[in-house]
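**Q** One-letter residues, chain by chain:
2 protein chains.
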Amino acid sequence: MSIIQLNQRQLKIIDIVKANEPITSESIAAHLNVTRATLRSDLAILTMTGILDARPKVGYFYSGVSEINLMSNKIKDKKVEDIMSMPILVKKDMSIYEVIVTMFLADVGSIFIIDDDEFLCGIVSRKDLLKATIGGADINKMPIGMIMTRMPNVVTITKDEDIVLAAKKIIEHEVDSIPVIEYDKHDKTQAKAVGRMSKTNITKLFLELTDN
Amino acid sequence: MSIIQLNQRQLKIIDIVKANEPITSESIAAHLNVTRATLRSDLAILTMTGILDARPKVGYFYSGVSEINLMSNKIKDKKVEDIMSMPILVKKDMSIYEVIVTMFLADVGSIFIIDDDEFLCGIVSRKDLLKATIGGADINKMPIGMIMTRMPNVVTITKDEDIVLAAKKIIEHEVDSIPVIEYDKHDKTQAKAVGRMSKTNITKLFLELTDN
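Going line by line, the protein sequences match chains F and E.
All the letters of the first sequence, read from the start, carry residue numbers 1 to 212 under UniProt numbering.
All the letters of the second sequence, read from the start, carry residue numbers 1 to 212 under UniProt numbering.
Derived from the structure by calculation, the hints contain no laboratory data.
Given the structure is predicted, the values throughout are model-derived calculations rather than measurements.
Incorrect hints may have been included.
What the hints assert, rightly or not - Here are the simulated lysine-lysine pairs, BS3-like style, with alpha carbons at most 27 Å apart:
1. F:LYS12 to E:LYS79
2. F:LYS204 to E:LYS127
3. F:LYS131 to E:LYS141
4. F:LYS127 to E:LYS141
5. F:LYS131 to F:LYS91
6. E:LYS79 to F:LYS169
7. E:LYS204 to E:LYS168
8. F:LYS78 to E:LYS169
9. F:LYS204 to E:LYS168
10. E:LYS131 to F:LYS127
11. E:LYS168 to E:LYS127
12. F:LYS131 to E:LYS92
13. E:LYS91 to F:LYS127
14. F:LYS168 to E:LYS168
15. E:LYS185 to E:LYS92
Excised from the complex, chain F in its bound form (with noise of 0.2 Å):
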């Protein structure tokens, strides 16, 4: 996998292709006032990299690839496993309060809460905590199972999914980070947390590929 420049020239038959097509290369050659030899490289470098469609006898086609859609091999072959976090969990007794300080100590933005069996049963993000405290609740009695989003209303994913559907996921359902998880081997219905995909996940990723 690899990413070529292209110059200008071949922007420019690109152009000229998508008014023209189908158009031989004599013609694209007579548009830009050069001989054949002259764009056998450029010709050779669009039909490799799918830009453009050669016929025989027919010529070139664009092929509508839109070229910004084209993205690294590498990010669609990662996986969520890959860039994950770790969860950070809680009973669904512990206390509003108790759960406030977990988050700020973890410094992360939601909280997965587990039943006691260990299996997902709940989140809680900022603004859960944020609502429930100005609401008047007892924070330091009311358990967290009082205010969490529960199981099955959470979005979550599974650690072999694609990057790329996390990302959808997480803007879609505007969530901040959704729960990474495992099915029970035997329970179908049930899962563990076993990691946490956030928009810090992402956008560290997308640093990490454009930053050199």
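Once you've looked at the hints, dock chain E against the given chain F.
**A** Chain E alone, transformed into the frame defined by chain F:
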């Protein structure tokens, strides 16, 4: 800007060059047990992508370009103003309670605070607000200016900066979002907040670039 998938033979050539540089195309062909003509297009692609360097009468070198670090110029060309969101601004004498309500209504993670001249003077996050509410402050009376992070300690960015720099600032300073500012024409020590750049903006961009 485009991306190509290297084929198995091209990947093998990279390995051979890495291990034997400088190496002539004849020697590479011998390693692979093919003719030089067979390798011509592969070597053209590898040198055009900058992965290999060719020096006349010497041979091919591995350029050391890390493939994953090569990234779309379209990302590098994108500026903060292309993807930023609207800022949510409140006056510094607004009560903490009112700011929390504003935050819920706008559904944002950070609120920017402005002074009487509408210049940016601080920022508060959900975390700051949560800390204030459990800290026993009288959130109905205490002005937000008392608990905000103040300028010049606020991490900011201008709208013509690279998105990669914005992502870097967000990650390095461990914040959810940063104000996009425009300095005052007359007084360069003052700035107005004209946008908001968050992990959500970066995650959406990541999704747009990868999801096809």
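**Q** For each hint, tell me whether it holds in the structure or not.
**A** Now for the hints, and whether the structure bears them out:
1. Between LYS12 (chain F) and LYS79 (chain E), the direct Cα distance comes to roughly 24 Å. Compliance with the 27 Å bound is thereby established for this hinted pair.
2. The suggested pairing of LYS204 (chain F) with LYS127 (chain E) holds, with an alpha-carbon distance near 21 Å, which does not exceed 27 Å.
3. At most 27 Å may separate the alpha-carbon atoms for a hinted pair to count; LYS131 (chain F) and LYS141 (chain E) meet this at roughly 18 Å.
4. Under the criterion of a C-alpha separation no larger than 27 Å, the hint pairing LYS127 (chain F) with LYS141 (chain E) is consistent with the structure, at around 21 Å.
5. Annotation: proposed proximity of LYS131 (chain F) to LYS91 (chain F) holds, straight-line Cα distance about 20 Å (limit 27 Å).
6. For the hint linking LYS79 (chain E) to LYS169 (chain F), the alpha-carbon distance of about 25 Å falls within 27 Å, and the restraint holds.
7. For the hint linking LYS204 (chain E) to LYS168 (chain E), the alpha-carbon distance of about 16 Å falls within 27 Å, and the restraint holds.
8. Proximity of LYS78 (chain F) to LYS169 (chain E) is assessed by CA-CA distance (about 24 Å); at most 27 Å being required, the pair is judged to hold.
9. Distance check on the hinted pair: LYS204 (chain F) and LYS168 (chain E) sit about 8 Å apart at the alpha-carbon level, within 27 Å; holds.
10. About 12 Å separates the Cα atoms of LYS131 (chain E) and LYS127 (chain F), which keeps this hinted pair within 27 Å; it holds.
11. As the CA atoms of LYS168 (chain E) and LYS127 (chain E) are separated by approximately 21 Å, the hinted pair is consistent with the 27 Å bound.
12. A hinted pair counts as satisfied when its Cα atoms are at most 27 Å apart, and LYS131 (chain F) with LYS92 (chain E) qualifies at roughly 22 Å.
13. Taking the CA atoms of LYS91 (chain E) and LYS127 (chain F), the gap is near 22 Å; set against the 27 Å cutoff, the hint holds.
14. Restraint check for LYS168 (chain F) and LYS168 (chain E): satisfied, since their Cα atoms lie roughly 22 Å apart, inside the 27 Å limit.
15. A C-alpha spacing of about 23 Å is found between LYS185 (chain E) and LYS92 (chain E), which places the hinted pair at or below 27 Å, so the restraint holds.
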